[in-house]
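Q: In case you want the letters, here they are:
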Amino acid sequence: MPAMNPTFAAYLLRGLAARLVVFGLVFVLMSVLPRLLPGDTFDSLMASDLVLGLDAGTEAALRERMGLSGGLWQQVGAETFAALRGELGFSLIHGAPVADILLGALPWTGLLVMLAVPLFLAMGLATGIEAGRAPGSRMDRAITLGMSVLASIPSFVMAVFLLLLFGIVWPVLPSAGAEPVIPAADPLERLVAIARHALLPAIALSTHELVRYFFILRSETILVSRRAFLFNARARGIGGWRERCDYFGRNLMAVVFARLGQSIATLLSAALYVEVIFAYPGIGRLMYQAVLDRDYPLLRGAIAVLAILVLLLNWIFDALTEARARRG
Amino acid sequence: MRLPRRGRGGAEEMRFRFSSGACFSAAALAAGAVFLALVMFLPPYVTGPDTLSPPGREHWLGTNDIGQDVLTGLLRAAPTTVGLALIIAASALLIGFLLAAIAAGLRGLAGGLVLRIADVMEIIPSILILLLFAAWVKPDAWGLVLLIALTTWHDDVRPLRAILLRELSRENVALARLMGASWPYLLVRHVAPALWPTLAAIYVQNAVQAVMRVTGLSFLGLVDPRLLTWGGMIQDAVDYLHEPAWVWLLLPPAFCLSAFLFVLLGIGRRLEESAAGVRGQTL
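Residue numbers (the numbering used here), protein chains in the order written: chain A, 12 to 339; chain B, -17 to 265.
Be a bit skeptical, because a hint or two may be false.
Partial list, computed: chain A residues near chain B (C-beta under 7 Å) [said to hold, decoys possible]: (1) A162; (2) I164; (3) V168; (4) A276; (5) V302; (6) I314; (7) N325.
I should point out that these hints are in silico values taken from the structure, not numbers from a laboratory. Glycine included, C-beta positions come from ideal geometry on N, C-alpha and C.
Bound-form chain B, shown alone (with noise of 0.2 Å):
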C-alpha cells in the first residue's frame, strides 16, 4: 500500500529539489566569485583626455563626459549594485525573520509590539525616511544597507509569523516534540525544511525592492559619490539627454538595470510557485 503525499511533492521529489536548488546556488556562487575576481583585473575606471567619445575600438561602449570608459563602469558597478541587493535582502530577511520569531514566540506584549511597530512601518512611505535621513548624511555602501534593510522588514514579518506559527502547531512536531526532541532538533529536521521556499521566496522580493531603492536613491545623487551603482550612471546620462551621447550612456547601465530584475522577478515567481505547492496556498 502506498503511503499519502503530503502536498504536491512526495518527500523524493522534495528532496532533488532542494537538491538541484542547491546545485544552482553554488554554482551562481562560483560564478559571482569568478566575475569579482575578473572585476579586480579590470582596467581602473579614470577620467581620460577623450570625453564623450561613441562606441569605438578604443573604448567599445564609448565613454562619458570626463571621460571615463563606460563599459569599466558598468562592469565595476556591477558587483556593488547586485551585491548591495543581495547584503540588503539578507539583513531585512534577518531581522525580519527574528522578529517574527518573537512575534510567533511571545504571545504577550513584545510579540504585540512588534506586531504595532510593523503596522506603523507600513503606513510611512519608506522614502519618506529615507530622505530624512539622506538629507543629513549621504550613505555610503554600509550605510545604505543599515537604512535600506532597517525600512523594509516590516513586509516580510506578518507572512515569516503565519508561516512559523503554522509550522509550529504542526502534527509532525508535536508528535516528535511527545517522543522527547529537542527544540533543536525540531527547528533543523522539521520547521527548517519547510520554510525554506518560503524564505527563499521572501529574499528575492526583499532583493527587487532593494535594487530599485540602491539605484533609485543613487539616481537621485543621495548616496556617496564614490559608490558606483548603476542608478548613479542613468543619472550621468540624464544631462545628455539632448545630444546623441545618451544612446552610449543611457542604454547600457538601463539595460543592466532591468536585466537583472527581469531575471530577479523571475526567479521570484518560481520560488513563490514552488513555496505555494509545498504549503498548498498562495503567499
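Next up, chain A with everything else stripped away, as it sits in the complex (with noise of 0.2 Å):
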C-alpha cells in the first residue's frame, strides 16, 4: 500500500516527539525522586550492625565511586548522560551489570505477553460473537453471567487460584519457575517443559484483558447484527461458521486492532503480579525484588525498559490505528 505510506511515517513521527519528552520525564523523576528522601544509597548500604570507622576521605572517595558525589543536579546530569550512552549502571546485589540482568529476564515476560495475546484474542472473540449474535438468549446471558464472575476476580487472585488448582491440589503442571532446574538436554524436550512452565501465567495473564475484550466485542457485534447486510445475508440462510467468522469476525477486527496497543501495555504491567506469584523469572519479579531489595540501579533500569517498550508499542499502535482511521 504505497498510498498509506506518507501518512502513516507522518503519524509516527508526529507521535515520536510527545514520546520522547514522557520518557524524558520519566526518567528524570526516577533519577530526582530518590534523591530528595533523606539518605541515600551509601548511607542504607553503611547501616548495618557492623560499624565501620570509615575516614572523611574514603567515605567521600566511596561516594565518588557510587556516583552521589555533587550536588542534585549535577548527580542527576551525570545519570543520564550514562544512560544515554547505554550505561544503566551496576546492581549491587546480583553483582551484575543492570543492562545483562534485564537483557536476562525480558525473554520471558515476552514469552508470557505473546502466549497470552493470542490465548485472550480468540477466547474473547469466540465468546463475544457467540453472546453478542443473539443477545437476550440462554447462551448470551450464561456466557455474560460467566464473565461478569471472571470480571470480578482480580488478576493476583485469579494467578493464586490457577497455581492453587492445577499447580497444587491437582498437580499437573508446574507451579514455579520458567524451567526445571537442569534443563534437558534435547532441545525439543526443554521446548515442552519451558511450554508447560508458560501455561499457567500465560492464561492467569489473559484472563484480565479477555473479560475487557468480551464486553467491547459483544456490545459491537450487536452493532454489526443490526446492520442491513447482515439481515440480508440471514435472510439467505447464512449461518454456523461462516456467519461468525466472515460476517462478524471480520468485521470485529478493526476494533480488536485499536485495542491491542494498550492492551499489550497492559499485559506488562499485570506480568509484576502474575511473575511474582508463579516465581517466573521475568522482568516484573526482577523489579518486585529490587524494590523488596532497595537496589536502585536495577529498578531504574527495569522501570525505563519497561517504559521504553510500551511506550514504542503504544506509539507504533496509534500511529497504526490514525493511518486507519483516516483511510475509512
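Once you've looked at the hints, go ahead and assemble the two chains, each given alone in its own frame, into the complex.
A: Here's what the structure looks like:
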C-alpha cells in the first residue's frame, strides 16, 4: 500500500516527539525522587550492625565511586548522560551490570505476553460473537454471567487460584519457575518443559484482558448484527461458522486492532503480579525483587526499559490506528 | 397536546429515579455507619496461642499462622478496603472533574496542557509509578489515597470534559442565560442534573480501579503493614497453599473481595446504562 506510507510516516513522526518528552520526564523523575528523600544508597548500605570506622576521605571516595557526590542536578545529569550512552549502572545485590540482568529477564516476560495475546483474542472473539449474535438468549446470559464473575476476580487472585488448582490440588503443571533446575539436553524436550511452565502464568495473564475484550466485542457484535448486510445474509440462510467468522469476525478486526497496543501495555504491567506469584524469572519479578532489596539501579533500569517498551508499542499502534482510521 | 419528551425518560420519571437513588444511597450510608459502629465493638485482632486452627466453635473461620481470628480480620479489613476504595474514587473524580472543568472552560494554553498531561498519564503504566514510590515509602492509608488518586484521575478527564462541553452548549443553558440566570444558578439547576448519571457511573468505575490497586499493592506487601485489607490477607494465605490451611485462609478474603467487586461492577453497568439513556448514547 504505497499510498498509505506517507501518512503513516507523518503519524509516526508526530507521535515520536511527544513520547520522547514523556520518557525524558519519567527518567528524570526516577533519578530525582530517590535523591529528594533523606539518606542515600551509601547511607543505607552502611547502616548495619557492623560499624566501619570510615574516615571522611574514604567516605568521600566511596560516594564518588557510587555516583553520589556533587549536587542534585549534577548527579541527575551524570546519570542521564550515562544512560544515553547505554550504561544503566551496576546492581550491587546481583553483582552484575543492570543491562545484562534485564536482557536475561526480558525474553521470559516476552514469552508470557506472546502466549497470552492469542489466548485472550481467540477466547474473547469466540465468546463475544457467540453472546452478541443473539443478545438476550440463554447462551448470551450464561456467557455474560460467567464473564461478570470472571471480571470480579482481580488478576492476582486468579493467578493464586490457578496455581492452587493446577499446581497443588491437581498437580498437572509445574507451579514455579520457567524451566526445571537442570534443563533437558534434548531441545524438543526442553521446549516442551518451557511451554508447560509458561502455560499457567499465560492463562492467568490473559484472563484480565479477556473480560475487557468480551464486553467490547459483545456490544460491537450487537451493533454489527443490526446492520442491513447481516440481516440480508441471515435472510439468505447464512449461519453457523460462515456467519461467525466471515460476517462478524472480519467486521470486529478493526476494534480488536485498535485496542491491541493498549492491551499489550496493560499485560506488561499485569505481568508483575503473575510473575511474582508463579516465581517466573521475568522483568516484573525482577522489579518486585528490586523494590524489596532497595536495589535502585536495577529498579530504575527495569522501569526505564519497560517504559520504553510500552511507549514504543503504544507509538506504533497509535500511528497504525490513526493511519487506518484516516483511510476509512 | 402532549409536550415532547426529552430522551428516554420524561422529567417526572427522571425525578423519580433520582429520588429512589437518593433513598438507596441514604440506606447504604446508614448500613455503612451501623457496620462501622459494629466493627468498633469487635474483639481485637490479636495473636493467640491457637495457630492455624481450622474453623470451629471457638474461631468460626479458623486462625492464621500467628493465631489471629480470620473472621475478625475479615470484618476489620472490610471498612479499610471498602472505605479506601470509595475515598480514592471520590478524590480521583474530584481531581478529574476540576481538571475537566479547566479543560472545558479555558480553551487556551491551560486547557491544552491539562489534556496533554492526561495523555501522558495514559501512556505510562500506573503500576510503574506506584512501584517507584512504594520502593521508597510504604504508604499508609492517606498515602494510598494520594498516590492512587493521582494515578487514576486521567481516565475521567476526557469523558467529563466532553459532557461538560455538551451540557454548557445546550439550548436550555443558552436560553436561561439569555433570561438573565446567573452561572451558579445555571450550574445547580441545569448542568448538575444532567451530569449526575455520568458522574455516578465514572465514580463506580474509579472505585473498581481503586479496589484492584489497593488490594494489589497490599498483596505485594508494598503498603504499611499495619493497614489491614483483604489483599493483605490473601498474601498471608499464599504461604500456606501446600497445607490444608488455605481453605480458611485464602477463600474468605478472596470471596469478600470478589463479591464486593461483583456488586460494584453490577452497579456500574446499571449506572452506565441509565447515563447512556439520559444522554442518548454510550459512554
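Q: So, for every hint listed, does it hold in this structure?
A: We went through each hint and held it up to the structure:
1. Given the 7 Å rule on beta carbons, the hint for A162(A) holds: about 6 Å separates it from the nearest Cβ of chain B.
2. With a least beta-carbon distance of about 5 Å to chain B, the hint placing I164(A) at the interface is held under the 7 Å criterion.
3. Because the beta carbon of V168(A) sits about 5 Å from the nearest beta carbon in chain B, less than 7 Å, this interface hint is met.
4. Interface hint status for A276(A): upheld, as the beta-carbon distance to the closest one in chain B is roughly 6 Å, under 7 Å.
5. The closest approach between the C-beta of V302(A) and any C-beta of chain B is roughly 4 Å, which is under the 7 Å cut-off, so the hint is satisfied.
6. For I314(A), the suggested interface contact is upheld, since its CB lies about 5 Å from the closest CB of chain B, less than 7 Å.
7. With a cut of 7 Å, the hint placing N325(A) at the interface with chain B holds, because the nearest CB-to-CB distance is about 6 Å.
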